[in-house]
Amino acid sequence: MTKDLSHLNQQGEVHMVDVGDRPATNREAHASGAIRMKRSTLTMVQRGETPKGDLLAVARVAAIQAAKRTWELIPLCHPLPLSGMDVTIDVDDALPGLVIHCRCRTTGQTGVEMEAMTAVSVGLLTLYDMLKSVDPAMTIETIQLQFKEGGRHGVWKR
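Mapping the sequence shown onto my numbering, position 129 (from 1) lands on 178, and the numbers just tick up by one.
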């Protein structure tokens, strides 16, 4: 059982995985998530009429900061030097709402999936925080890994 769960040692206790012997490879991960809101709230966002200013810029910065600090938030994550990161926020009229996409890159001994998903999560929470006064019923949903590559397991796509 414990050999399948890399964060457990032989005694079944939680530990941080030693990645020191792994080769450093190029790694990339893409994640996404959505925040559903009232159509009137989305219209306010599209018109730039939100009460707290440029919420899209603030959410992008929050996502970037979160990715850089993932190791401080998720107990067994390694600190990683991110070599690049892209955050986009798109309007989705069908929701209605906004969708955040994040792509993280590094050259290292472990992947950046958690950094990408943490970035998306904090970006969405920031959007919620900045819009909650006009739409407290917003729903954050579908935070998920879309793609990863690099390391032992190679490429994975949703």
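Just so you know, these hints were derived from the structure itself, not from any lab. No experiment lies behind these values; they were computed from the predicted model shown. Cβ atoms here follow ideal geometry from the backbone N, Cα and C, with glycine treated the same way. Take these hints with a grain of salt, some might be off.
Heads up, simulated DSS-like pairs for lysine-lysine below, C-alpha to C-alpha not over 25 Å straight-line [stated by the list, open to error]:
| no. | residue 1 | residue 2 |
| --- | --- | --- |
| 1 | Lys-206 | Lys-101 |
| 2 | Lys-87 | Lys-101 |
| 3 | Lys-101 | Lys-181 |
| 4 | Lys-206 | Lys-87 |
Simulated DEER-style distance windows between Cβ atoms [said to hold, decoys possible]:
| no. | residue 1 | residue 2 | range |
| --- | --- | --- | --- |
| 5 | Arg-201 | Asp-135 | 47 to 57 Å |
| 6 | Asp-103 | Asp-135 | 46 to 56 Å |
| 7 | Glu-98 | Glu-62 | 49 to 59 Å |
| 8 | Arg-96 | Gln-59 | 51 to 61 Å |
| 9 | Thr-188 | Gly-102 | 17 to 27 Å |
| 10 | Trp-120 | Arg-201 | 17 to 27 Å |
| 11 | Gly-97 | Glu-62 | 21 to 31 Å |
| 12 | Phe-196 | Leu-125 | 16 to 26 Å |
| 13 | Gly-61 | Gly-102 | 41 to 51 Å |
| 14 | Pro-72 | Pro-124 | 19 to 29 Å |
| 15 | Val-66 | Val-140 | 49 to 59 Å |
Problem set entry | Numbers of unmet hints, in rising order | Structure breaks hints 1, 4, 5, 6, 11, 15.
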